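Novice: This is what each chain is made of:
Protein chains: 2
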Amino acid sequence: MRNFPAALERLTEQFARLPGIGSKSAQRLAFHVLSLPDEQAEEFASAIVDAKKTVKTCPVCQNLTDQELCPICADPERDHSVICVVAEPKDVIAMERAREFGGVYHVLHGVISPLNHVGPDDIRIRELLLRVGQGDVQEIIMATNPDTEGEATAMYLSRLLRPMGVKVTRLAYGIPVGSQLEYADEVTLLRALEGRQEI
Amino acid sequence: MRNFPAALERLTEQFARLPGIGSKSAQRLAFHVLSLPDEQAEEFASAIVDAKKTVKTCPVCQNLTDQELCPICADPERDHSVICVVAEPKDVIAMERAREFGGVYHVLHGVISPLNHVGPDDIRIRELLLRVGQGDVQEIIMATNPDTEGEATAMYLSRLLRPMGVKVTRLAYGIPVGSQLEYADEVTLLRALEGRQEI
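Same order as they appear, the protein sequences are chains H and Z. Going by the working numbering, the first residue of the first sequence is number 13, and it counts up by one from there. Going by the working numbering, the first residue of the second sequence is number 13, and it counts up by one from there.
There may be inaccurate statements among the hints.
To be verified - Covered stretches of chain H, as calculated for chain Z (at least 3 residues, CB under 8 Å):
| id | region |
| --- | --- |
| 1 | 45-57 |
| 2 | 192-202 |
To be verified - Listed next, the in silico DSBU-like pairs over lysine-lysine satisfying Cα-Cα at most 30 Å (straight line):
| id | chain 1 | residue 1 | chain 2 | residue 2 |
| --- | --- | --- | --- | --- |
| 3 | Z | K68 | H | K36 |
| 4 | H | K68 | Z | K102 |
| 5 | H | K65 | Z | K102 |
| 6 | H | K102 | Z | K68 |
| 7 | H | K65 | H | K102 |
| 8 | Z | K179 | H | K36 |
| 9 | H | K179 | H | K65 |
| 10 | H | K102 | H | K68 |
| 11 | H | K65 | Z | K179 |
| 12 | H | K68 | Z | K179 |
| 13 | Z | K65 | Z | K102 |
| 14 | H | K102 | Z | K179 |
| 15 | Z | K179 | Z | K102 |
| 16 | Z | K102 | Z | K68 |
Since the hints were made in silico from the structure, they are not lab data. Remember, it's a predicted structure, so these values are computed and weren't measured experimentally. We treat Cβ as the ideally placed atom computed from N, Cα and C, and that holds for glycine.
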């Protein structure tokens, strides 16, 4: 025997295919699974199958959901004329945590990133244009990350959306609440100054 | 909706239980699984179940196997009177790579480590003593790692085994072949000097 049993090798390969897991880690994880009680290993396996089977994207906002329409799109109390555009599903959770936004979302599932070979057709831009084209959207709030790619994606989208007669806005830049001024970087301070408001 | 769909949360939890995977990595891995084609996700799930179902420990040497008896223990060409004791299944593979050892193995599945709450009863020592007690074992070669815990485990075992009338040896210490003397640590050099051989 020069190798591990075939089923163990196969499991190691599966772990090694996951992003950020090298071959040594994959082996360690496979051994860990072998050491689990039967029912825990089965729980793990069925969690994979269940997640894959039940979690879909909402046909309207593209957010992940296990329902026909996601709870936010299905909520008549929310303002469906204001769409907040975010890059990832986790950004929706971050926004909802603020308990301030009463509109709906659109999840792009990525940002335009030529370096990573992600073009406009690789993220859910077409679906957003379709939504806006169907009318009664008043405002689109860009809430992509304040980094180069998030900015570029927001700029790209705003150029497409403005001719459609919709107001396009961007989350305000500024110093984070609770932070200390001395640690704020120059660009953030510059944006905070530019966006200063009367009190 | 303040959270991800339940099935996604469950999958994230499963990944977070794996050793060395934090909650952020777990989320990343869960999202990755969602992005896989259906058949790849199912392959992953069945690799877990299959490995768990088919991989057992050999009743003689305790190494992992998908057969009744592991191929090495089942091989009549090997010398069953010489047992090489290793800590982990991967050490068997390393030893076999040298294509030199013609005896059989015993896999402890760990080393004694009071700091990690691993005592003599937590590794496969009882099984080794049973094997030796059943007779016709001539020599036990200790091949645990040359670190503190590996050493201590080898010492502990040799003290148990010697009274049973079996020869207990240890892999030689010395400078690794292909290495450079200037990078060898003092302890290794000391051991290499002590173990010097006539040429």
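Novice: With reference to the structure, classify each hint as holding or not holding.
Specialist: Against the structure, the hints:
{"no.": "1", "hint": "45-57", "verdict": "holds (count 9)"}
{"no.": "2", "hint": "192-202", "verdict": "violated (count 0)"}
{"no.": "3", "hint": "Z:K68 / H:K36", "verdict": "holds, 21 Å"}
{"no.": "4", "hint": "H:K68 / Z:K102", "verdict": "violated, 40 Å"}
{"no.": "5", "hint": "H:K65 / Z:K102", "verdict": "violated, 36 Å"}
{"no.": "6", "hint": "H:K102 / Z:K68", "verdict": "violated, 40 Å"}
{"no.": "7", "hint": "H:K65 / H:K102", "verdict": "holds, 20 Å"}
{"no.": "8", "hint": "Z:K179 / H:K36", "verdict": "violated, 35 Å"}
{"no.": "9", "hint": "H:K179 / H:K65", "verdict": "violated, 37 Å"}
{"no.": "10", "hint": "H:K102 / H:K68", "verdict": "holds, 15 Å"}
{"no.": "11", "hint": "H:K65 / Z:K179", "verdict": "violated, 58 Å"}
{"no.": "12", "hint": "H:K68 / Z:K179", "verdict": "violated, 64 Å"}
{"no.": "13", "hint": "Z:K65 / Z:K102", "verdict": "holds, 20 Å"}
{"no.": "14", "hint": "H:K102 / Z:K179", "verdict": "violated, 62 Å"}
{"no.": "15", "hint": "Z:K179 / Z:K102", "verdict": "holds, 25 Å"}
{"no.": "16", "hint": "Z:K102 / Z:K68", "verdict": "holds, 15 Å"}
Going down the numbered hints, you'll see the structure goes against 2, 4, 5, 6, 8, 9, 11, 12 and 14, while the others check out.
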